[in-house]
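Peer 1: Line order of the protein sequences matches chains F and L.
With my numbering applied, the first sequence covers 1 to 337.
With my numbering applied, the second sequence covers 1 to 337.
Careful: at least some of the hints might be erroneous.
Note that identical chains are pooled: a pair holds if it fits in a single copy or bridges any two copies.
[What the hints assert, rightly or not] Distance condition first, Cα-Cα at most 25 angstroms in a straight line; then the derived PhoX-like pairs of lysine-lysine:
1) K211 <-> K91
2) K97 <-> K251
3) K157 <-> K211
4) K325 <-> K253
5) K157 <-> K38
6) K157 <-> K91
7) K220 <-> K91
8) K157 <-> K251
9) K164 <-> K91
10) K274 <-> K97
11) K128 <-> K220
12) K91 <-> K161
13) K299 <-> K164
14) K325 <-> K161
15) K164 <-> K325
16) K211 <-> K326
17) K91 <-> K128
18) K253 <-> K97
Keep in mind the hints are simulated off the structure, nothing from the lab.
Computed from a prediction, not measured in an experiment: that's the story for all the values here.
2 protein chains.
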Amino acid sequence: MNDLILRAARGEEVERVPVWLMRQAGRILPEYRAVRAKAKGFIDFVKTPEMAAEVTIQPVDILGVDAAIIFSDILVIPEAMGLPYQMIESKGPWFEKTVQIEKDIDDLHVADGNELQYVLDAIKIAKKDLNNRVPLIGFCGAPWTLFAYMIEGSGSKTFSKAKKFLYTHPALAHKLLEKITLSSINYLKAQVAAGADMLQIFDSWAGVLGKEQYNEFSLKYISMICDAVHGLVPVTVFAKDAHFAVMDIAKTKCNTIGLDWTMSPHACRAIVGKDKTLQGNADPCMLYADESVIEAEAKKMIQAFGKQRYIANLGHGLYPDTDFKKVKFFVDCIKGL
Amino acid sequence: MNDLILRAARGEEVERVPVWLMRQAGRILPEYRAVRAKAKGFIDFVKTPEMAAEVTIQPVDILGVDAAIIFSDILVIPEAMGLPYQMIESKGPWFEKTVQIEKDIDDLHVADGNELQYVLDAIKIAKKDLNNRVPLIGFCGAPWTLFAYMIEGSGSKTFSKAKKFLYTHPALAHKLLEKITLSSINYLKAQVAAGADMLQIFDSWAGVLGKEQYNEFSLKYISMICDAVHGLVPVTVFAKDAHFAVMDIAKTKCNTIGLDWTMSPHACRAIVGKDKTLQGNADPCMLYADESVIEAEAKKMIQAFGKQRYIANLGHGLYPDTDFKKVKFFVDCIKGL
């Protein structure tokens, strides 16, 4: 197996920088859109293991990336806990029921992984079809990010309802965050048992919190997850827009820290020390540029991060209107450096 | 006149910390909503000097803040340049025409301030009615933020169309940014001539850019504006989410740097040195909390920033569903410290 990414995550020497891209299994690929068109909707798509496994593998074949990431959604955990959601075209997720009072939290159950058998099945199929070409990444949303959706009921620029809950009901917030955390631990362990070679925790809404609230309501639970899966497979924490949290994320038992494009590679390396791998951090919009710009940015990125203890990626997911040929060009640039 | 805020901005000694709040003239006040109900729509409201002046003064009377800020909108500049917009309820701004090609930029004209006579008239009325109680702040959007709306045509989570334009048409981007900058300089000078005692430049979408693009496409133009109005009245630069830019903003001729709640007061003071005033940075969601929390947070904030070279404010605009009594409590806390 091409295990470059696992070795990079564990701090072992690599011959070249491994590369994968957040949202690489997605709308940029015509082959993805063809499979997607066969599903009744996004959630049906996610819940059909054969389809999920098929699009998981597409970027390995088409883009030549050094890892696959199981095609799924972070909101499968709230759903498994008892809060179903819909994915509304060009609007995003929408929950008909949200968490408002203690009873709403009591009504939720800790997911044990069985509710998410469809993800585990997708992992098993993807592993088989990957046939040890590259590692398969499993993932979950960070408890804070899932909490934010479960209170808010949809996406939001400010997540002010979720943050209001932290300020007005801190004890209840912790109660819900604990339930989400236990569910996430069960889920990640089940993903590893099903075949995931690596895990990533996505804290997509980290950046709406200040440092103190972040430590209390988000990082505490991310750290619990890292503790629980430590030693199983390498773990990456990606906290979008949480520039203030890098030093504290480095204190968790994660192997790799994902960075967005606002972060300085040199400054982050100085902050986290030598014992963590860094991942990131190209601006997804850079892939709209000409190939000469893409090549120059890829070079600059690798010069800044260095070739060891580094996994090349974007600083956010690929935007759907990106030309996949440019994405492939970017991947090839990284692999040629 | 209570000139605490002007003295704080100029680095002169103050007896107590001055305080005002972004979006203090707004939906949190029942008195604002009463005036707003009389207008045909948001833009009609902004364009009616008597109404704009009335709501400008309300927070001085009701909340007891140390400054008024003229009630207006950053998008009056694109409109004055030739791109009219609508404000769609609960959706935000929407431009029927956007900038896509060079001709679109050539068709825009540099605003000379006359197109914005209604803002200047509002300033004159507000100044008269304020009767020298507190200073009046004028403002504009940063060129990058206005550019982002002019390309994108509406709000966006990623502003990926505007960023794509930077990557694919950098020369055209500079051409448009220059036109916006010249318009903004004319506009701010006209605001000072009409009576504004202080100016703030809002770079609301600073945080979607990385450091290099920020310096090239945003800060360069903010700096030109600071140069052009330097010496007239104190100037504040507020670049939301631009944690990476604090050191470079400190190199401009601004007096004050606005910070959001993700920024560390101590770290920012260390970065900017002693010659700039800092403004901010409470989380607007904190005002949802109990008074005991609000009081503790106000104290913590002032202890962290110190009482000199500091203007108390939020790290973003007030959220519309905030209880104005809690806002007043927060203002009173600051004034009592």
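Peer 1: It remains to establish, for every hint, whether it holds in the given structure.
Peer 2: Hints versus structure:
1. K211 <-> K91: Cα proximity of K211 and K91: none, with 29 angstroms in one copy and 30 angstroms across.
2. K97 <-> K251: Close neither inside one copy (36 angstroms) nor across copies (50 angstroms); limit 25 angstroms.
3. K157 <-> K211: This pair counts as both: shortest intra-copy Cα distance 18 angstroms, inter-copy 22 angstroms.
4. K325 <-> K253: Answer is neither; intra-copy 37 angstroms and inter-copy 44 angstroms both fail.
5. K157 <-> K38: neither (32 angstroms within a copy, 29 angstroms between copies)
6. K157 <-> K91: Both. Shortest intra-copy (13 angstroms) and inter-copy (12 angstroms) distances satisfy the 25 angstroms Cα cut-off.
7. K220 <-> K91: neither (31 angstroms within a copy, 35 angstroms between copies)
8. K157 <-> K251: neither (29 angstroms within a copy, 30 angstroms between copies)
9. K164 <-> K91: The answer is both: 23 angstroms in one copy and 22 angstroms across copies each meet 25 angstroms.
10. K274 <-> K97: neither (45 angstroms within a copy, 51 angstroms between copies)
11. K128 <-> K220: Answer is neither: 35 angstroms inside a copy and 53 angstroms across each miss the 25 angstroms cutoff.
12. K91 <-> K161: Classified as both: same-chain Cα gap 18 angstroms, cross-chain 18 angstroms, threshold 25 angstroms.
13. K299 <-> K164: Between copies only: 20 angstroms across chains, 43 angstroms inside a chain, cut-off 25 angstroms.
14. K325 <-> K161: between (40 angstroms within a copy, 19 angstroms between copies)
15. K164 <-> K325: between (44 angstroms within a copy, 16 angstroms between copies)
16. K211 <-> K326: Classified as between: cross-chain Cα gap 23 angstroms, same-chain 37 angstroms, threshold 25 angstroms.
17. K91 <-> K128: Neither: 34 angstroms inside a copy, 46 angstroms across copies.
18. K253 <-> K97: Answer is neither; intra-copy 34 angstroms and inter-copy 51 angstroms both fail.
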